[in-house]
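Please build the complex by placing chain B on the supplied structure of chain A, with the hints as guidance.
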Amino acid sequence: MGRVNGKVKVKLSAMAKREERWALLFVAAPAIGFLLFMAWPIIFAFLTSLTTWNGAKGFEGMINRFCGFDNYIKLLQDEKFWKTVVTTIIYLIGIPIGMILGLVLAMGMNRKIPGVRVLRTMYYVPVISSLVAVSILWAWVYNYDYGLLNVIIKALTGMHGPNWLGDEALIKVSMIIFMVWKGLGTSIILYLAGLQNIPRSYYEAAMVDGANGWQQFKNITIPLLSPVTFYIMITSLIGGFQVFVEVQVMTTNGGIGYSAATIVYYLYEKAFESFQLGYASTIAIFLAIIIFIITLLNFKMQDKWVKTID
Amino acid sequence: MKKKVLSVLLTTAMAVSMLAGCGGSDAGGADANAEASVASSSEAVGASIEVKEEALTDVKVEGDYSDADLTVFIYAQEHEKTVYQSLIDKFTETTGAKVTFEVTTSDEYGQKILAYKAADDMPDIFYVGPEAVASNVDDGYLLPLDEYVDAEVVNNLWGAVGSAYRYDGVTAGTGEGSLYCLPKDFSTFAFAYNKDLFDAAGLAYPDPENPYTWDEFLEVCKQLTKDTDGDGEVDQWGTANALQWALDAFIYTNGGHFLNEDYTQVVIDGQQEFIDAFQYFADLTCKHGVTPTVEQDTALGGYQRWLDGQIGFYACGTWDVGAFMDKNTFPYEWGLCAWPTGKTGVSMTRNGSVGFAVSADTESPEAAAALITLFSTDLEGQRVLSGETTGVSLQIPNIMDYAKGDYKAKVADGTIPYGENIDVIYNYFEGTDKYEGIFVETTYTYNADWWTAFLSGGYEYVLNGEKTAAEYCAEVQPAMQEALDAANEMKAAAAN
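These protein sequence lines are chains A and B, in that order.
So the first sequence is numbered by our numbering: it starts at 1 and just counts up by one.
So the second sequence is numbered by our numbering: it starts at 311 and just counts up by one.
Hints are supplied without guarantee of correctness; some may be wrong.
As the list claims (entries may be wrong) - Below 16 Å or equal to it, Euclidean Cα-Cα: the simulated EDC-like pairs (lysine to aspartate or glutamate) are:
| no. | chain 1 | residue 1 | chain 2 | residue 2 |
| --- | --- | --- | --- | --- |
| 1 | A | K80 | B | D545 |
| 2 | A | K80 | B | E792 |
| 3 | B | K777 | A | D167 |
| 4 | B | K720 | B | E730 |
| 5 | B | K532 | B | D545 |
| 6 | A | K57 | B | D671 |
| 7 | A | K57 | B | E785 |
| 8 | A | K74 | B | D545 |
| 9 | A | K57 | B | D431 |
| 10 | A | K74 | B | E730 |
| 11 | A | K74 | B | D449 |
| 12 | B | K422 | A | E273 |
| 13 | A | K57 | B | E519 |
| 14 | B | K777 | A | E168 |
No wet-lab data here; the hints were simulated from the structure.
For reference, chain A alone in the conformation it holds in the complex (with noise of 0.2 Å):
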């Protein structure tokens, strides 16, 4: 045993020295696969918003392209830019809508009723299925003259429904209707497994004092699901933040007016269309920023809200 700068140092046997270096072994695996394409990527992509770098020339050509902080510059004042900020915020209005909406759903199918694992395959298909072709099944459900919804619309009133993807408040309602669906079947499913997980003891203890239906879903439902939800809120906003496929395939140009693009959507216009590969790195850190942000906050007041068993 020696002692350096004041430490005890464990002086390892030959086996425990190899077992250390086969741990470090297993470590190295994950710890290279993060420092190559997690770590690398983001700060390459920090890089590369320093600059006016349009993809030409390799890492040369992003050199001499070097323009400081200029892109943060003109993006806080790009007003195109905030406009799909503003966009992707309303589209968010859609998580706690199917929040709500999993939880009924999940308790609905706590129960012991017929057909409730065919209900829940249900669901559950449209999360398992293509995004993009989803899309697709919903711009023509959302078709003016002969989508599904106007075709209802017409039949029950007689009158012509709405041009669901062409008018700039309607479009955005569109998404929105469009993300509970598609995300619905993951709230279920995770409310379910959290609904499954509060002890029968509990209800039981409550029922005893005579708490009713609501003090029961209330005192005991809600607080027990909160690590559930709270999982489904961090995930959700991280994705809501990203949502780009649905409006690439489901409107033309970004909607009518640009009232229906997102960030993510602004950001693969600059990369690939106009080839403004630093402009679209800047609106990319600017995205990781808010969503670390955002997520930070969320962890910090968790303690407030998020109960568990223990």
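Okay, now just chain B, sitting in the frame of chain A:
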């Protein structure tokens, strides 16, 4: 028990509503996006094209390029791929060169070529459109072809397309400077009319020698716009306006333009020629009702309505001809005509092209140049692509002598199926006192962001009459200018 029943009912009802999204629709195949419609039109016929082996037996290639190892990266449909693969096989067999042929879709091409650029590892041969020549040359990607391509070959190309791929370091497409690509094709966006609808309305066919004025065009469109089944709703229209493609034809014929002469300023705000043309274009929809409304257009695009026989006049790219001649796709008689004329009295439309470029870094410039010459101007290859040996025309031949001679004669005698009045296309290619085909202004700017800004500003409000063209132009010009300034900054940075 009650709760159980309620649960089942509620969840079932919601499940049904969820799966409704997976339900079908009997409208079939509609596409609100005009761009996609146009682009996909030739894909539909492509699958049915068969290239017979004997069609390529006369292909001639000279030279020994056994040291060359080339990579060709392009986007192509299956039938085009077959033709080019056959040419490559012939090339490798004769010259001893090794060629790797990579094909992608047109949608993915931009991203993939960007990846090649970022990796600084360009393929030897790749596609570049006229609009991207300047930026690619400024970034050092393109090999000047002047010393590798026979002048006779270049002189036998259509004049406009030869000029489009020249760049003098200042402005591309003016015919000055070195040649950087050989054309894969040269196309134009002509106008077509449905003869059956004209017959039914008792109207005389358009005269290609005397293009309609705007007033005459409107009058004919009014007579073609009808409620054919008597249900009180119009179901046949004079024309359909796919703004992204058709607006140019109205703006330029009226003497209007988006940008100033040196492509540094957007000048649509207050420019009467532009505003009048845009307003006329919009009035066809919102005032005169001779096109489907904006809502109807989003439900079923003009292209599908044209194929369905609901539209009198519609744009016809050279790549559309194969589809329009296929009776299963378009069971109507049709002919080509001129876009109507505005103030200038000259019918105008956009020409288009994509070219084969050779990388500046290629180790085998002679071999690469020989291969793109084969792709672009080999007579047998052109016979296949332009429909002589397949019966489906996808492009007008690049070789002018052949196009104007043998090819035209075979169109006239019916050997090559083509819509009536092929001269309309040739007129737009070459220009006459009544016709002019042009490369639109995005060709001369560093990127097309300013045009995207015009499209994403809400032009639909002009088409549905909620805004005037003048109001829209004033409103959207700053965003367009900002995009153009950014493009010009990028150009300046690349040039330094």
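- Query: Is the hinted pair K57/A and E785/B satisfied, with a Cα-Cα distance of at most 16 Å?
  - Reply: violated, 38 Å
- Query: When you check the alpha-carbon spacing of K80/A and E792/B, does it fall within 16 Å?
  - Reply: Holds: K80/A and E792/B sit about 11 Å apart, inside 16 Å.
- Please work out if K57/A and E519/B have their alpha carbons no farther apart than 16 Å. Violated - the C-alpha atoms of E519/B and K57/A are around 50 Å apart, more than 16 Å.
- Restraint check for K74/A with D449/B, where alpha carbons must lie at most 16 Å apart: violated, 24 Å
- Item | 16 Å limit on alpha-carbon distance, applied to hinted pair K80/A and D545/B | violated, 38 Å
- Query: Going straight from one Cα to the other, do K777/B and D167/A come out at no more than 16 Å?
  - Reply: holds, 15 Å
- Regarding the pair K532/B and D545/B, is the alpha-carbon distance no greater than 16 Å? Holds - the C-alpha atoms of D545/B and K532/B are around 13 Å apart, at most 16 Å.
- Item | 16 Å Cα cutoff - pair K74/A, D545/B | With Cα atoms ~48 Å apart, K74/A and D545/B exceed 16 Å; violated.
- Task: For the pair we were handed, K74/A and E730/B, check the Cα-Cα distance against 16 Å.
- Result: violated, 53 Å
- Task: Could you grab the alpha-carbon distance between K777/B and E168/A and see if it respects the 16 Å cut-off?
- Result: holds, 15 Å
- Would you check the hint for K422/B and E273/A, treating anything up to 16 Å between C-alpha atoms as holding? holds, 12 Å
- Query: Between K57/A and D671/B, does the CA-CA distance stay at or below 16 Å?
  - Reply: With Cα atoms ~11 Å apart, K57/A and D671/B stay inside 16 Å; holds.
When held up to the earlier numbered hints, the structure conflicts with 1, 7, 8, 10, 11, 13 and fits the remainder.
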